[in-house]
Amino acid sequence: MAKDSEGKAGLYRRALLAGLWRENPTFRLLIGMCPPLAVTTAVKPALTMGISVIFVLVCSNLVTSLMRNLLKPHLRIIMFTLNIATFVTICDLYLRAYLPDMSEILGAYVPLIIVNCIIIFRAEVCASKCGPIVSILDAIGTGSGFTMALCILAGIREILAKGQFFGIQIMPGGFVPWLAMQMPVGAFVTLGLLLGLISAVTRKKEA
Amino acid sequence: MSKIKHFIEQSWLLIAASFCFGLLIAVTDAALSPKIRENKATKLNQLTVFLLPEAKRFVELDAEIEVKLAGGKKERVKVYKALSDANECVGWSFNVSGQGFADKIELVVAVDKGFEKIAGFNVLTSNETPGFGDQIKSSNFRDQFVGAPAEKLTLVRTGDNRKIDSEIVSITGATVSSEAVVGIINTFLIQIKDHIQQKGLIGNGKG
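Chains as they are written, first to last, in the working numbering: chain Z, 19 to 225; chain G, 83 to 289.
The hints are simulated quantities; they were obtained by calculation from the structure and are not laboratory data.
Among these hints, one or two may not hold up.
[Said to hold, decoys possible] The calculated lysine-lysine pairs, modelled on DSSO-like cross-linking and capped at a C-alpha distance of 30 Å, are: (1) Z:90 / G:163; (2) Z:147 / G:87; (3) G:219 / Z:62; (4) G:163 / G:275; (5) Z:90 / G:219; (6) G:117 / Z:62.
[Said to hold, decoys possible] Far from chain G, by Cβ distances over 10 Å, these chain Z residues were calculated: (7) 40; (8) 65; (9) 93; (10) 142; (11) 184; (12) 225.
None of the values given here were measured: they were computed from a predicted structure.
Glycine is no exception: its CB is placed at the ideal position from the N, C-alpha and C atoms.
Work out the full structure, taking the sequences as your base and the hints as a guide.
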């Protein structure tokens with residue numbers, strides 16, 4: 019009995035922690051790369067996008083998990099899409115009502131969460147095969163890993179492009195902003211360097 | 083009969099889920115749309131005051147103005163008279179919309195009291211491509227309209243965008259969005275001007 023509860027606790031812990039680092043969607047699996055490149059000009063929109071993705075992931079994983087025994091194999095993708103589109107629409111409406119500035123900055127990228135492959139990937143790999151608790155923990159872990167990646171990228175770009183972090187000036191007066199970091203090229207360069215650094219550290223650890 | 087039975091067996095979950103998700107979106111929309119409308123009205127007011135800084139209040143014209151769109155459709159437009167502290171007309175404003183590259187673009191346009199010059203425009207909603215089409219919001223593009231004659235504007239690909247006349251220089255890489263903005267302003271501005279002139283609200287020292 020004790021072994022069983024330990025097994026369950028281990029399963030829950032793995033579901034929660036895997037997405038944070040070992041299966042981090044941005045840094046390790048390189049999926050859902052549109053928001054990391056597009057909405058990381060500052061930390062505030064990146065955090066808003068991350069929280070939106072967590073909300074959609076949790077809701078879609080929960081619903082997919084609850085209906086997993088009823089899903090027909092050939093209809094599962096359309097069911098996932100329908101499910102994801104519903105929660106993205108709700109999230110978009112909520113942002114437009116209560117965070118209109120952020121909604122405007124994120125623009126089309128909130129509705130585009132519908133086609134973000136992280137969410138459909140977790141629905142297919144985890145939620146359609148596991149129970150609700152594991153699915154929710156997996157969604158929280160993966161979503162938090164994604165949010166963390168967005169915030170790291172956005173933090174670096176915001177500091178270098180504006181000398182600010184979370185809208186607060188942190189660089190000294192003589193700092194010359196790197197405007198290129200504000201542009202798409204800044205996103206590609208920062209992401210590339212970070213991926214290189216992470217790959218080097220991971221290989222060293224594994225060796 | 084067996085075909086219908088097979089169809090229902092295969093698709094009942096999809097039909098039921100569509101109904102439930104649709105209902106969920108409808109309920110959320112009904113709950114949040116008053117707040118979204120309120121946000122939009124506040125933004126409209128702020129943007130219009132920015133275009134007509136002397137305006138202290140806006141009075142909606144009683145008469146509804148109908149504008150003919152391409153394809154023969156008609157659209158009713160609300161026109162607002164901007165009044166100063168001394169209750170004198172300082173300009174006119176109206177919010178108009180048309181198809182952009184990605185989605186509908188909504189603009190607020192302001193003109194001077196005699197409907198002779200454009201006071202400027204601001205973007206109320208747009209989902210144009212970030213980095214390209216969304217540059218219709220940039221001051222480089224918008225400033226070309228400030229002081230331009232309130233007549234048919236022409237979009238040109240190259241030219242001096244600091245020169246204020248009826249020629250508007252297109253945004254590089256966003257010709258469709260630039261054309262959409264000029265097209266929307268041309269369609270509505272000229273017809274609204276004609277209607278207001280016919281009603282005797284401008285000209286002969288009025289306005």
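Numbered hints the structure breaks, given as an ascending list = As far as the earlier hints go, 1, 5, 9 are violated by this structure, in ascending order.
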